[in-house]
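Enquirer: One-letter residues, chain by chain:
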Amino acid sequence: MIQPADLRADLRARAEALGQSLPALLAEADQLARSVQLGAHGRRRAGQGDEFWQYRPAHAGDAARSIDWRRSARSDTHFVREREWQAVQSVTLWVDRARAMGFSGDANRPAKADRARLLALALAVLLLRGGERVGLAGGDPPRPGRAQLMPLLAQLDGDAPEDFGAPLTAGLVPHGRAVFLSDFLGPLPPLEAALAEATEQGVRGALLQVLDPAEEEFPFGGRVIFASMGGTLSHETQSAAELRARYLDRLAERKARLADLARSAGWHFSTHHTGQPAQSALLWLYQALEGGR
Amino acid sequence: MIAGLAFTAPWLLLGLLALPVLWLLLRAIPPAPIRRRFPGVALLLGLEDKDRQADRTPWWLLLLRALAVAAAILGFAGPILNPEPGQPGTGPLVILLDGGWADARDWARRQERALAALEEAGRAGRPVAVASLADTPQTLLPGTAADWQGRLGALQPKPWLPQDLAAWGTNLPEGGFETLWLSDGLAHPGADDLAAALLDHGPLRVVASPRPLYALHPALFDGGKIRLAASRSPATTETTVEISARGPDPSGTDRELARLPLTFAAGAPRAEAELDLPPELRNRITRFEILGQRTAGAVSLTDDTLKRRKVAILSGGADREGMQLLSPTHYLRQALSPVADLLDGSLSDVLPAKPDVIILADVARLTQSEQDGLLDWLDGGGLLLRFAGPRLAASDVARGDEDPLMPVRLREGGRAVGGSMSWGEPKTLAPFPEGSPFHGLAVPPEVTVTEQVLAQPDPELAGRTIAALADGTPLVTRKAVGAGQVVLVHVTANAEWSSLPLSGLFMQMLERLAVSTRAGGGAEQVQGLTWAPERLLDGYGQLADAGQLAGVPGETMAKVLTTGPGPAAPPGLYRNEERRVAVNAVNAETALTPASWPLAATVEGLETARALALKGWLLAGALVLLALDVLAALALSGRLPGLRRAVTVPMLAATLLAGAVLAPGSLRAQEAAPPPDPAADARAIEATRGVVLAHVLTGDAKVDEVADAGLRGLGEELWRRTAIEPEEPMGVDLETDELAFYPFLYWPVTANQPLPSPAAYAKLNRFLRTGGMILFDTRDGDVAGYGGGATPEAQVLQVIAAGLDIPPLEPLPRDHVLTRSFYLLQEFPGRYNAPDLWVEAAPPDATLEDGMPFRRLNDGVTPVILGGNDWAGAWAIRPDGSPMFAVGRGAAGEQMREIAYRFGINVVMHVLTGNYKSDQVHVPALLERLGQ
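Same order as they appear, the protein sequences are chains A and B.
Numbers given in the numbering used here equal positions in the first sequence, counted from 1, plus 12.
Numbers given in the numbering used here equal positions in the second sequence, counted from 1, plus 69.
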């Protein structure tokens, strides 16, 4: 039986840890998002929004108050100031929190989970800044505004106990967008089911496979017992180097399968390595969401 | 077991037997697997290993581990390279020194080595006996180490070599003991017997010196030239030694008269050279010596052998054509021309030439002026040898009263015996009486006398007779006149009156009278006489007065001349009346044979061959192997990042092993090219970090230590008083170290200093030419100046300085810049206060200007300062800052030390600022010119 005092202490410690790490994560995500936004770009069509888009001659039916008098005064015709269209999208993010994501092949590299969270949060920052609604699968429904960042942060934290994660479809908004960030090394059927459900709801999106370079290269040799992060699976080999080629074959096979799945569901699929900079993956994600429209 | 390798715990080597077991054990156990977290395991499930090779330890890993364990076992067994046998020895220790002149070259080091052994034995409480084998054999009595330490310090090398080592072998103490034999590296008679006897009692350690040994054979006179020969041991590469011929100059000062190089061909133990000198110089030579070798063996004293006496032969009768064999002087000329310089001319002509001997053959009357001249000459030490003849017999010289130029009064007419007109047999010679210079010469029976002049019986006659006929009538008489002597031979110098000039005895008698000199050898020439030692050599080749030593009988002397000197007759100069015989440590036949030792004896160098414990190296090697093993095991089990494929690991191990095997070889290959020397670089950086005072390493540990402490003390004072802030002083090895970094070299001169090599001389000269200064300190200010002769240090300094590019020197003038470069000084004491200090001479045109207190001496720094006041001794401080040596007595001594420091500061100032203080002299003039 845990004493309430212990609980409180534990909670407080975790909260403090969170308070220390999350702003850092947030700041990092902000920075990452800013680096992407620098060249990124509106919807390139007129519509609702705050940003100026273009002046056009007023037609009949335009409200008088929509005429931009300052511009019109410079010529004989009336002009309407159009603003760039800013559609509101609901984007649901799923970040795999299973223990497999906690792997890092090198002390200098972030764990896959860290990179996934960073990407998710940076994407959230970008989207929120663009006025979209962002939420986490399995959590609260997507909401707009920068204030949404803190709940997102809070929900991103924490690890799941299982070895390999399965995508959650609970928070998907019909006809919205979804982004699944995982290593997709676990069994595939849950993913297939989730994608099927998403397709049913008209949700499209992107699968981003986050892998450690060690998983991509298999730099092992000698007598090794490989165990999953949770310890539920294990495999012993006398010469790990022997296995490399066959492992790589299987990995390529898995990637091809994932790409197939994504294509059939109308999703995008890409692989990101934690050894690479996060910007490229963020850019890809952003464009995947853009292009999916 | 390998020679020179021993184990402190040999039983541990049994552990090597366990290696095969280890091999099997290791072989059976493969490296443990790693548990590795890996998310991709899901993809691995179901993949089978193709072959299971890694469940056996690979052979190279086995080998690595076996080597590591073997190295550890060997290491713990405590292997020692060049072990000092009996280091933990017990029982008595006998220390033998050869003690001959061959030891003199590094006697101090031998003593140190023996002292070290003594101290070691003292610590272990072992009884010790020390003996110098050059002494007369005596029974060895073991005593305590403390007893021997004092006696060992007083032991000096003898000027001869050990004579009879076998006799020592019979005088060994009872029971078992260990022997330490400090050998001079030469084979001595009986050494094998002694070594065998020593080995019977216990282990024998032999310490051999690495320094080459040179010996100079007596000079021979041959065909108008002096032939010199020297031997060496060991006979190694081509070497050139310089031989110096010394003797008094016209003022009587001993100096070098000639010098010649003597080159040993590679591998040749003996070298010869010829020296051609004018007779005037040649007759002055008193000794030859090999430069830089301070041993009695490198000194060869000369005696009458080299002297060519000037002999004037005068006869009464005019030479008659065709009557050569009847000429009164024919036989004399024949006998003397090869061994003496003959003077011709009338008496008044030859007297100014100061002949050593004047021979008057059958000359009766002399003019008054001739007689006075002869008497003066006799008073100065001449030898007048007169022969009788018809004219003398017919004259009335010395009939009534004794003629000053005749030893005895003569009876009128003389006598003839055994001739055709007389009765009786020709007379033979009586054996020469004791006290006669001819004593000991064999009298040949065929020598007969048919006619002679007879002496008047006088009271002095018996005393003046040095040879007589069988019937007792005097044949040769002699009397002293002043410092000289008159000798009358009562027969003619030709074969008219006797057969004496035809016999070999005639020559020998002339030699005994010091009229001629023998052509070499001639042990029979010393027979029968007693030879009084005049000056004797010590082991270092220094001559000293013999004092009141007893004379040496001729028989002993003859033996010594053939076999070499010994305790009975030490090397030196011996005198009998006018004749002098030199006994040299090395005679003409002496060969320097390298010693050979029994296999059971351990031979080590004098100071090298320190026991090298290999334990640390082996254990370190084992550790390295184990570290490699760790790496290999890691690599094998895939825990080593960067090594992806296990296949590369054996290759890596192979490379490592190959590298370890090949490394020494490749290192050797690199040595062929001049490798960058990090030690020399570090030293150069150290030397150039600041001003570094340096001293020349002499090889004498004590002198070097004092020099170092002295420069440290001077540096402290400089630091305290002046703007010069020197770093720690450094010792400089002339042969190996670069001199360019030091502005100032302090060179304490020791008597045993080896001469610098030509390369070192070149370095020194470059140093002097580029502004460096050397302060030579002979450290003999306490004794120099007394007794006139140069001290051994001063002689060595002369020899050393001969090769240096030194300008003319003069005693330090009172206005030299050294007297005011920092302090105003007029005397320059160290521990001694000898006034002599020599510096570069001022240019001859230096003049004193009006109003100036000093001469204008503006050029340069004197490259050398020569003195003998042992400055380093006065400067020397201990690490705690207290002075190392007392100077003088009381407060006056401390004042002297202060002045010594001031001198040192002045010297360093002079070195570093040059003539700056001299320029200061002109400041008033400059100020004046600037118009105030």
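Misleading hints may appear alongside valid ones.
Stated by the list, open to error - Computed list of chain B residues with no C-beta within reach of chain A, every gap over 12 Å:
1. 76
2. 223
3. 308
4. 399
5. 422
6. 484
7. 497
8. 704
9. 828
10. 877
11. 985
Stated by the list, open to error - Label pairs and their in silico Cβ distance ranges:
12. B:85 to A:237: 48 to 54 Å
13. B:692 to A:225: 34 to 40 Å
14. B:692 to A:123: 36 to 42 Å
15. A:225 to B:91: 53 to 59 Å
16. A:237 to B:692: 39 to 45 Å
17. A:40 to B:116: 36 to 42 Å
18. B:88 to A:40: 24 to 30 Å
19. A:225 to B:750: 42 to 48 Å
20. B:82 to A:237: 39 to 45 Å
21. B:692 to A:289: 24 to 30 Å
22. A:237 to B:750: 41 to 47 Å
23. A:141 to B:116: 45 to 51 Å
24. A:123 to B:759: 43 to 49 Å
25. A:289 to B:116: 52 to 58 Å
Stated by the list, open to error - In silico contact screen, one side only, chain B against chain A (beta carbon under 10 Å); selected entries:
26. 105
27. 613
28. 705
If you are wondering where the hints come from, they were derived from the structure by calculation, not from laboratory data.
Ideal placement from N, C-alpha and C gives every residue a C-beta, glycine not left out.
Enquirer: Determine for every hint whether it applies to the structure shown.
Expert: Hint check results:
no.: 1; hint: 76; in the structure: 40 Å, holds
no.: 2; hint: 223; in the structure: 75 Å, holds
no.: 3; hint: 308; in the structure: 64 Å, holds
no.: 4; hint: 399; in the structure: 113 Å, holds
no.: 5; hint: 422; in the structure: 107 Å, holds
no.: 6; hint: 484; in the structure: 128 Å, holds
no.: 7; hint: 497; in the structure: 116 Å, holds
no.: 8; hint: 704; in the structure: 8 Å, violated
no.: 9; hint: 828; in the structure: 58 Å, holds
no.: 10; hint: 877; in the structure: 77 Å, holds
no.: 11; hint: 985; in the structure: 64 Å, holds
no.: 12; hint: B:85 to A:237: 48 to 54 Å; in the structure: 37 Å, violated
no.: 13; hint: B:692 to A:225: 34 to 40 Å; in the structure: 36 Å, holds
no.: 14; hint: B:692 to A:123: 36 to 42 Å; in the structure: 38 Å, holds
no.: 15; hint: A:225 to B:91: 53 to 59 Å; in the structure: 41 Å, violated
no.: 16; hint: A:237 to B:692: 39 to 45 Å; in the structure: 31 Å, violated
no.: 17; hint: A:40 to B:116: 36 to 42 Å; in the structure: 38 Å, holds
no.: 18; hint: B:88 to A:40: 24 to 30 Å; in the structure: 59 Å, violated
no.: 19; hint: A:225 to B:750: 42 to 48 Å; in the structure: 45 Å, holds
no.: 20; hint: B:82 to A:237: 39 to 45 Å; in the structure: 42 Å, holds
no.: 21; hint: B:692 to A:289: 24 to 30 Å; in the structure: 44 Å, violated
no.: 22; hint: A:237 to B:750: 41 to 47 Å; in the structure: 54 Å, violated
no.: 23; hint: A:141 to B:116: 45 to 51 Å; in the structure: 47 Å, holds
no.: 24; hint: A:123 to B:759: 43 to 49 Å; in the structure: 57 Å, violated
no.: 25; hint: A:289 to B:116: 52 to 58 Å; in the structure: 33 Å, violated
no.: 26; hint: 105; in the structure: 5 Å, holds
no.: 27; hint: 613; in the structure: 85 Å, violated
no.: 28; hint: 705; in the structure: 5 Å, holds
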